[in-house]
Structures are given as structure tokens and as C-alpha cells.
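*Asks:* Chains as they are written, first to last, in the working numbering: chain A, 36 to 312; chain B, 36 to 312.
Bear in mind the hints are in silico, worked out from the structure with no lab data behind them.
A few of these clues could be false.
[Claimed, not checked] For lysine to any residue, the following SDA-like pairs were computed, each having C-alpha atoms within a straight-line distance of at most 25 Å: (1) B/Lys-195 - A/Arg-236; (2) B/Lys-201 - A/Glu-189; (3) B/Lys-112 - B/Arg-286; (4) B/Lys-175 - B/Arg-118.
Protein chains: 2
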Amino acid sequence: MNSTELFEQIRLKRSFLCVGLDTDLNRIPEFLLSKEDPIFEFNKAIIDATADFTVAYKPNLAFYELHGAAGWTSLQKTVKYIRTNHPNIFTIADAKRGDITNTSRMYARTFFNHLDFDAITLSPYMGHDTVAPFLTFEGKWVVVLSLTSNDSFEDFQMVKSSETGKHLYEEVLSKSVNWGNENNMMYVVGATRAEKLTSVRDIVPDHFLLIPGVGQQGGNLADVAKYGMNKKCGLLVNSSRGILYTDQSMRFASAARDKAMALQNEMEILLKNAGLI
Amino acid sequence: MNSTELFEQIRLKRSFLCVGLDTDLNRIPEFLLSKEDPIFEFNKAIIDATADFTVAYKPNLAFYELHGAAGWTSLQKTVKYIRTNHPNIFTIADAKRGDITNTSRMYARTFFNHLDFDAITLSPYMGHDTVAPFLTFEGKWVVVLSLTSNDSFEDFQMVKSSETGKHLYEEVLSKSVNWGNENNMMYVVGATRAEKLTSVRDIVPDHFLLIPGVGQQGGNLADVAKYGMNKKCGLLVNSSRGILYTDQSMRFASAARDKAMALQNEMEILLKNAGLI
Chain A
36 MNSTELFEQI RLKRSFLCVG LDTDLNRIPE FLLSKEDPIF EFNKAIIDAT
86 ADFTVAYKPN LAFYELHGAA GWTSLQKTVK YIRTNHPNIF TIADAKRGDI
136 TNTSRMYART FFNHLDFDAI TLSPYMGHDT VAPFLTFEGK WVVVLSLTSN
186 DSFEDFQMVK SSETGKHLYE EVLSKSVNWG NENNMMYVVG ATRAEKLTSV
236 RDIVPDHFLL IPGVGQQGGN LADVAKYGMN KKCGLLVNSS RGILYTDQSM
286 RFASAARDKA MALQNEMEIL LKNAGLI
Chain B
36 MNSTELFEQI RLKRSFLCVG LDTDLNRIPE FLLSKEDPIF EFNKAIIDAT
86 ADFTVAYKPN LAFYELHGAA GWTSLQKTVK YIRTNHPNIF TIADAKRGDI
136 TNTSRMYART FFNHLDFDAI TLSPYMGHDT VAPFLTFEGK WVVVLSLTSN
186 DSFEDFQMVK SSETGKHLYE EVLSKSVNWG NENNMMYVVG ATRAEKLTSV
236 RDIVPDHFLL IPGVGQQGGN LADVAKYGMN KKCGLLVNSS RGILYTDQSM
286 RFASAARDKA MALQNEMEIL LKNAGLI
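Working from the sequences, and respecting the hints, build out all of it.
*Replies:* Here it is in C-alpha cells:
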């Protein structure tokens, strides 16, 4: 999928919602725990309930690795389920990997060939080497961390370069922007830093941004759209806990659908206001 | 295991060698491929052949994840095998994780409780949040990336702060040094940057350093010792490909033993010269 095709899906669904599949056995409805693969059962129900309002799914690897081999099987089944039943929905492995070339090549094969994700999140700390091997895969994407939504983002991302006057998160954008292009690279920019989207857009006007932190972490959707939207929308806004865990009964999927629809409704208005639909 | 106990193992074995278990099915002897779990069979033979000369083993997660659920099983069996048969050898999950608190907590449970590793490598890009959850586990360690051995380390690690005049890799050291202590934190510093170990030691004189890049990547062991050794040795020097893949015959393990012994011999001389044994 390229950026034009992704934008087409956004226009079709009137939504730029990404649902984070942070599936936690301690938070899913209890009646699912007796199933053979409760994580997959939960994901399947959430996916079918939210697919109408969603352009991307983003499983967070930590929640699957916690269950070892069984967790990897749940993850694999989940990606395959999306591919088979909702083939136009973009899939992101939230793995935040980053290693030397030789190792990055292994991760790329794992996430792009074996698991068949469209995209993977990467940490830029080790530089170009760690990203380049992923960019050789036709039709696949990397999502590089720039400005994250957590409290301690300032520790290093706000270090200002004495040479360029840019903060590290801006250095990441400006150094990496030519490693790939707007059809194979996105950036993570936290919704809790919406006002900084202006400086982000100065450097990467055309790239898609993956925006975590709306909802539970306090980010505001209207601000994200105001400062971050571009002519192809250019935004995937993620919500995880705010969609997944609002109901513990047999109605959990329908409750998730309501939450996803509410976000889609907000997004539709923002897309209309921007003249994109 | 604390730093004093680790130093005791170094004195006992006259070695500060860490063997990287980057087990690649394309490079292990062909006759192993017919076994039920070739990765585990290879690791077991390598571990038994090198344990006399080794104080740490470091499986690189990418090589296991490539094989999905089966790979996780091989990894789990490998760590358990080390724990059971060589209980005084330190184990490091080379995973380079780094995520928000909620997610880091999941990774910590995975690598420390379920897989029972002593340590995990972490990327510092997202700051204190990403490291803190790992430091609440008694007797466990984090190994934070500072200065890596790959070609593109300069992209971001050499960005100089306009506020402190320090490079980012030094900022990582000086900001994080008080997050934990010398009994639960180490740093990755590539052997290919041995001359920079002086500036590293100015900031973290007492911490252990995990040094990749000796051998295949061109780092020099004597330089590493010269600039990096402290009063508890303070070094774990990793070798992976240079030990694992020197022989493709039935004698592969014995060839690996010879390579490990050769490195141990060099290390023994360096430890003697430093008056540590």
C-alpha cells in the first residue's frame, strides 16, 4: 500500500483511526479466558466490530511476547485474520526495534515476510544502518520514532544540537527524511505534543505521522488535526485502551465499536473541515 | 548476580568474554538441520564447549523471532539450559527494547520473569520511563545503548548538546547514571570506538560496559582494556560470529571452544597486566 492508497482508505472510511491491539489478558472479558486462544478471540471480535471505522491496526509486540511461543501464534493469527478478512486495512507492528544492519535484516524478514505486516515502528538511536534494511522491502513501511508521548520524552528527544540548533527529534526527521520517501516512511509524533506538530510539518510536510496518546494519555484530536494534517490527511491517530477495555461483558465488542465510531465521527468532521472529503 | 559476584566469575575464569548466540540456520552445520530443534542443539553444543572460558551469553532476539513461535521455544530452552547447567553464567537478552512505562513493564516480565534472563539491552531514545520499570526487578540488570559499533552511530549519538557540550551518547550516560546503580545498570559501548572509552569512563567509572564489535567488526581487545577496564574489570566483551561459525563439520563445537579459549588467553594476560588476577 502506498500513501495515495492509504489516503483513499481514509476518504472511503472518513476516518484516520488506528486501533492499537494492546491485548492484555488481565483486562479482557473473563468469559474469553476459557477459550483456546483468548488473545486471538478478543482481537478477532474487536477487529470485526471496529473495521468499518478503522484504517489501521497496530498490535504492540510486548503484549504478545509476554506469552512466549503462544503469544507469537496469537499475533500471527491476528495479522492473518486482518489480511484475509479486511485486506485494505494497514497493519503496523509496534515493535520499536533498532539494531545493526545484519540484525535489522532479520527483523525485517520476520515482520514483513513471515508475519506480513505493512509496517514496523523503529527506534532511530543507532542511525541509518538500523532503518535501511527495512526500506528494501517493496510496499513495506518503517515508522520511525521522533517525538514520543511519554512523560520522559524530554530526556533525550529535546536535546538541542549545537551544530544545527535543532532538537534531537527534529534531527531525526531532517536526517532521515531522505533515507526513504513518503511511500515507505512515517514518523511517530505523540498527540500530547500537538503544538510541536508545526515544527514537525516544517521538516516533513508530506509524510504520514503515526500519532499515539489521544485518549488515555491526554492528547487532543482537534489540535492534532489543526497542526498535523496535510493534503493527504497525513495522520494515523492511534487509540488502544480507550477502545479495547470499556466493557467487560458479552457486549465488549459492541462497546468497542461505539468508541471507534465516536472517534470516526470526530475525524469525519475534521476531514470535512479540511476539505479532504 | 551483583557486580561483585560478576567480577568474582571474571577472576575465576580469567575471562571477561560474552558469547553472542546469534544462531543463524543458514550458517550452522548442515547435519544439525535434521534435528527437531536445530537452534537449540547448536546452542547447547556451543554453550558446553565454551562455558569454561565465558562469563556471559547473549542471545540476539532477532535470530529467534525470525522463526516465530518455534524460535521463542528455542530461546526459552537455551536460557533454561544455561541456568540449569551453568548457573553462574550471566545471561543477556539482546533485545534493544524501549517503550512507554506500561509496555516496558510487559517486556520486563517477559525477559526477567518468564525467560529468566539476568539482563536486557534497551534503547534510551524515549528516556527514563522506558528504563525504570526494568529496575524494579531485584537482581536484574538493564544494558543501555550509549555508543554503538555500527557505521551510522554518528547520525544521532554524536549530536552535541548546545546546553551541556556533551554528545548524545555522553548525555545518555550522565542523565541515566543515577536511574539505577552499578549493580543493575550497564552500558553498550562499541569496541570500534575504543578511544572514546576514556570519555565514557569519566562519566561512569564504576559501571560494567558491554562491548560488542571485537573481531568481525574490527575492534581491538587490548585497546578496549587499556581505555575501559576499571577496578572490577568492568568489561564484558562480546564475540558472536567469530566464535560460532568457524567450522561447519562435526567438529564445530570444538572449533568454537578453540576460538573462545584464544580470546580467554588474551583476556587473562590483560587481567594480569591490570593486577586484577
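*Asks:* Now tell me if each hint is right for this structure.
*Replies:* Verification of the hints:
Note on B/Lys-195 and A/Arg-236: the hinted pairing holds, with a Cα-Cα distance of about 24 Å set against a maximum of 25 Å. For the given pair, B/Lys-201 sits about 16 Å from A/Glu-189 by alpha-carbon distance, which is consistent with the 25 Å threshold. About 23 Å separates the Cα atoms of B/Lys-112 and B/Arg-286, which keeps this hinted pair within 25 Å; it holds. Under the criterion of a C-alpha separation no larger than 25 Å, the hint pairing B/Lys-175 with B/Arg-118 is consistent with the structure, at around 14 Å.
Comparing the model with each earlier hint shows no violations; every hint is respected.
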